[in-house]
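Those sequence lines, one after another, are chains P and R.
Quick note: the first sequence uses the numbering used here, first residue -10, plus one each step.
Quick note: the second sequence uses the numbering used here, first residue -10, plus one each step.
Just so you know, these hints were derived from the structure itself, not from any lab.
Possibly wrong hints are sitting among the right ones.
One copy or two, either will do: identical chains are not told apart, so a pair holds if it fits within one copy or between any two.
Pairs of lysine to any residue, SDA-like flavour, derived with a Cα cap of 20 Å [claimed, not checked]:
{"no.": "1", "residue 1": "LYS286", "residue 2": "VAL236"}
{"no.": "2", "residue 1": "LYS102", "residue 2": "TYR243"}
{"no.": "3", "residue 1": "LYS216", "residue 2": "THR234"}
{"no.": "4", "residue 1": "LYS102", "residue 2": "ALA242"}
{"no.": "5", "residue 1": "LYS286", "residue 2": "GLN241"}
{"no.": "6", "residue 1": "LYS238", "residue 2": "GLY164"}
{"no.": "7", "residue 1": "LYS102", "residue 2": "MET245"}
{"no.": "8", "residue 1": "LYS102", "residue 2": "GLY178"}
{"no.": "9", "residue 1": "LYS286", "residue 2": "ALA242"}
{"no.": "10", "residue 1": "LYS102", "residue 2": "LEU144"}
{"no.": "11", "residue 1": "LYS150", "residue 2": "ALA171"}
{"no.": "12", "residue 1": "LYS238", "residue 2": "ASP165"}
Number of protein chains: 2
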Amino acid sequence: MASQPFAGVLVPVLTPFTPAGEPDAGRFVAFCRFLLDQGADGLAVFGTTSEANSMAGAERMALLDRLVASGIPAAKLMPGAGACSITEAAQLIRHALGHGCAGVLMLPPFYYKGMSDDGVYDFVAAVIDRVGSAALRMYLYHIPPQTQIPFTLDLVGRLIKAYPNTVVGLKDSSGDWNNTKALCEAYAGSGFAIFPGSEVFLLDGLRAGGVGCITASGNVNVPGIRKVYENWKTPDADRLQAEITLVRKTIQAYPMVPALKRIVAHFHHDPDWAAVRPPMTRLSDAQSAALLADLAKIGFSLGEARREAAE
Amino acid sequence: MASQPFAGVLVPVLTPFTPAGEPDAGRFVAFCRFLLDQGADGLAVFGTTSEANSMAGAERMALLDRLVASGIPAAKLMPGAGACSITEAAQLIRHALGHGCAGVLMLPPFYYKGMSDDGVYDFVAAVIDRVGSAALRMYLYHIPPQTQIPFTLDLVGRLIKAYPNTVVGLKDSSGDWNNTKALCEAYAGSGFAIFPGSEVFLLDGLRAGGVGCITASGNVNVPGIRKVYENWKTPDADRLQAEITLVRKTIQAYPMVPALKRIVAHFHHDPDWAAVRPPMTRLSDAQSAALLADLAKIGFSLGEARREAAE
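The following block holds chain P by itself, in its conformation from the complex (with noise of 0.2 Å):
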């Protein structure tokens, strides 16, 4: 198994569009900033929360242009290679190693439906063989409510046996923890790299070998769930994975990009941040301020985070 570039939390960024419907690079590279000035150790850009699929592969290239640009390490870059097509995967990926990216999050194809593991198994081949690149470092990204295309434990196994020193780790948004379980059980041990895809998994995935977490809710709660990264040997741990399960629980009762945005819009004191491009549908008034009553019930401040995290 290959070096691990990536461990900790890491968060998928999520993408400001202009009121015209454009990706925004100047929001984008300096909240991209913020979650690294808060202590994120590696963003995820391009992810499903980042709206990275309501993006054409140039949208989803020219924000990369920018945020390198702009001096964001892309040691810390693990931007995501969602196509259905081998053609446009490889063409994401040669550009993000072009840049020095540390990896890169790799969707399986999803439109068709009821495809075989060695469909599957033979998409992520021919990328990684178009790509070319020892440079590689590929994290599958498992996330069946979307994709209904699994990268199930055996197909993980035959990817990491045919490419050890390319596929070096996993997202898994199953929401199924004992998914996330057995493949801890199967691969953690060789150094696979594990990572729940949400946060509420973070302290049973480290207990079970994981190595970190790539969350949606890192867009507003780094601080929060670096405290569960960094404790999670001490006695305290249980009671920090309390705190952030709250955040998150009380967050997803609403759609969950909406919701992280209208919460970066109103703690930003930006409302242009809640933009999100169809078929996503902003949160109506009513639910706006019904989440962040919510949020303010359970004591929940994206301005005291920032605060700690400068301390």
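Since the structure of chain P is provided, determine the placement of chain R on it from the hints.
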């Protein structure tokens, strides 16, 4: 409602790949010409059956360039504009209109699940607005088994009302006759063109006010399906329908796209035609033999079909 450029038997054309996995423009052009010679009323290139979603937008556009350059009439073409981003969908549509294509087939965005009708409406509206052409004739593509995101009966009505000269028809690949029937009852009367996504529903669809079908098995059975279309008001209609339904059901007992490609490879004496792009996989040798035996048993021959078409 605007004039209707399409009716009858449309084929979502299979896309041939070279042994190296690249789209094979030469074979593609030849095959499109063959289908038109057989009597196809239109070619819905870059649909689900075309493995379009396993090709980058640039690959699809390059194939369309070759097709039009070869003399295939753009008036017969309804390219698919399947994409998850407004940006890419609009780009594909502008390219098709630039070639004078008579219409486009429009998938909903298909990565994010559980999106609302409002969100899908916003997506389609944004694409139409971005394209900004009075020449656009858009056919909605309802295929929930793949997209999981439907064009609901209500949403279709909203889009027709907002864009009566643009949203002029729909392909229903739900496989649910009750849905096709409801669409016909609600919208066929005003001139909205409804195509079932399988010839199994061709006769029922015509009787309910539909205008033809857009069907995968058209790749291997245009003459048979055309007979139903030409004779649907005659006493022979039900017998002819039963014949094509039998062919369809025989083929779809196997994975559809690999099976169709295997049939083309066999009857066109061109083994390379059997190649698919991952995540699809070819039929095994045993499946291939069984499929061809099943077709022989019911007396199906693409060779005969070609001779009939030439009579």
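Going through the hints against the structure:
1. LYS286 / VAL236: Within. Shortest intra-copy distance 11 Å satisfies the 20 Å Cα cut-off; inter-copy 63 Å does not.
2. LYS102 / TYR243: The answer is between: 15 Å across copies meets 20 Å, while 27 Å in one copy does not.
3. LYS216 / THR234: within (13 Å within a copy, 63 Å between copies)
4. LYS102 / ALA242: between (28 Å within a copy, 16 Å between copies)
5. LYS286 / GLN241: Result: close within a single copy only, 15 Å intra versus 56 Å inter.
6. LYS238 / GLY164: Only inside one copy: LYS238 and GLY164 sit 13 Å apart there, 38 Å across copies, limit 20 Å.
7. LYS102 / MET245: Between copies only: 12 Å across chains, 24 Å inside a chain, cut-off 20 Å.
8. LYS102 / GLY178: Intra 32 Å, inter 34 Å, cutoff 20 Å: neither.
9. LYS286 / ALA242: within (14 Å within a copy, 56 Å between copies)
10. LYS102 / LEU144: within (16 Å within a copy, 24 Å between copies)
11. LYS150 / ALA171: within (17 Å within a copy, 51 Å between copies)
12. LYS238 / ASP165: Answer is within: at 15 Å inside a copy they meet the 20 Å cutoff, but 37 Å across does not.
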